[in-house]
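Chemist: For reference, the chains in residue letters:
There are 2 protein chains.
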Amino acid sequence: MNEFSLIQKYFKQHKYSKNVVMGIGDDCAILELPKQSHLCVSIDTQLVNRHFPEQFPVNLLGARALHCAVSDLAAMSASPLWFTLALTLPNANPDWLASFSEGLFDAAHTYSIQLVGGDTTSGPLAITIQVHGVVDENKALLRSGAHEGDAILVSGYLGDAAAGLNVIQNKLIAKGANKQYLTNRFSTPYARIKEAQFIQSRATSCIDVSDGLLADLGHICDASELSARIVSSEIPLSESLLASVDQAQALTWALTGGDDYELCFTVPNEHYKAVINQGALLGFRFTKIGNTIPKMNKDIIDSETGQPFHFLNRGYQHF
Amino acid sequence: MNEFSLIQKYFKQHKYSKNVVMGIGDDCAILELPKQSHLCVSIDTQLVNRHFPEQFPVNLLGARALHCAVSDLAAMSASPLWFTLALTLPNANPDWLASFSEGLFDAAHTYSIQLVGGDTTSGPLAITIQVHGVVDENKALLRSGAHEGDAILVSGYLGDAAAGLNVIQNKLIAKGANKQYLTNRFSTPYARIKEAQFIQSRATSCIDVSDGLLADLGHICDASELSARIVSSEIPLSESLLASVDQAQALTWALTGGDDYELCFTVPNEHYKAVINQGALLGFRFTKIGNTIPKMNKDIIDSETGQPFHFLNRGYQHF
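Chains as they are written, first to last, in this note's numbering: chain A, 927 to 1245; chain B, 927 to 1245.
Heads up, a few of these hints could be off.
If chains are identical, the list can't say which one is meant, so a pair holds when it fits in one copy or spans any two.
[Stated by the list, open to error] Think about it this way: if two alpha-carbon atoms lie no more than 20 Å apart in a straight line, the pair counts; the simulated PhoX-like pairs of lysine-lysine are:
#  : residue 1 : residue 2
1  : K1105     : K1221
2  : K1224     : K938
3  : K944      : K961
4  : K1214     : K1199
5  : K1120     : K1199
6  : K961      : K1065
7  : K1214     : K1120
8  : K944      : K1065
9  : K1065     : K1120
10 : K1214     : K1105
Hints are computed from structural coordinates only; laboratory data are not their basis. Owing to the predicted nature of the structure, the values given are computational and were not obtained by experimental measurement.
Hey, can you work out the whole structure from these sequences and the hints?
Modeler: Shown next as structure tokens:
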């Protein structure tokens, strides 16, 4: 099977929205942006044995890569519109491709994001996705907008995905519903698009937790020229996580594990209760975990010790 | 060196145009399109030993990948604006990175295209570039616009890049200026952006010759529901190519070699002389190589034999 028939068979959408002037099938995709909007783009590569384990189910592979990529749009409070896929494959196995593309399109459907272009090459398995979203002019949430004294909030629970990865790799035993929940949290990390749109006019800065809370909150601190004081006992840990590991391990994963794809954001301290309460009415779970403080030598302080957190790594290191 | 310091050191542009609201340094790049324009995007992966030989100079590696990617914008007659880079590297060698990024930015400068985002991962060398350009609404040149009887034209010379690759791989001996010219044609395939803008209002369809003339013209034929008759003696072959191989080999490479990144396009037959002559005044070399004909069983007919061209492959097969 050559590249052209492979794309035709497994990756060509047969129906596009009006904003896709030309989808797959020419030298470029041609796309129409809404008026008075800015384009947001992010590109992300996932490699076997690095971003996901070898035994990871094929039908979740492209889907997970897409969830992770869309999470970067959520971090800006952008609305997903289109994505492209550069797929490198050891061989063109029809069963593999059918399963991969079916999972990918299911995930795409979740966000109403359309596959508009791609490239397939032969080589060691690699999945590169670029996502494209839109945001009203000057409404994007940046890392750099936090002010001193802002409340720091996170969505959902942290640490689950690291536990889930350990379960998938048979390094951690979890049982029944806990096992299912934790592995799902690694395998299918829904990007917090709706939450991001809710906080767009309320938050001063935002990032998604992909590399670990300390690493990602560190980026907000760097970009906003601030430090942060975190109350570690306030960090939201799920019942499934606490049922599967001890408190110290749960907290370590929550702070450094990464892969949760929750949002970490700041709001003026006087508004944080309203954000939590109004969010709850829409089904969103937000938790205050600390406050920004004036810039110090160390970015992130443990409020219990008054010292920086001590871990070997603050988050995922690619090299 | 971790991912963040690597990007800061080698890939962060320190000055952007006004259309880049946010470049590298947040979860997404934020980009502003000109009014009344459409966005054109294309993504392309290049792998060692597949798209370029292992001994290929590092300073030309990223540059070549960018030229090739920008060529897809030329094929639509779009103007280059931005690109993203997903780079997978076996290790983060400072000399390698300095040379790679310097060559990349030199090439970017040629097109005034700006690096706005990226991702670096650790693994077997792979370079994925997505290019973003703009075109006035409904002005893009598609593959599907050719009409029966249109003249088929190409820019520049064909077959040089295949010869150049063989020279680089020590499979072909070329001498002095011919050697330099042919290897340059493989290593630094300038995308035909200016030529494309010149033909925008004159051509009915367009593609860039990346996989080989027969393969790429075949895409125009498929999309336009036509066939083509080619006068092979009219196919433009460079002096350097003809000085280095016999006529039959030169023609084979011109028809099937790929990697030339010239434009192949159609114009109404009555206008082709004007296109060639007006183009020549601007320094562009266009050659008529045949005409479109009603759809037949075989896409592309050799006018000398009245039969399809006989080659093992019509062009580069990725699988």
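Chemist: Does the structure break any of the earlier hints, and which numbers would those be?
Modeler: 1, 2, 10
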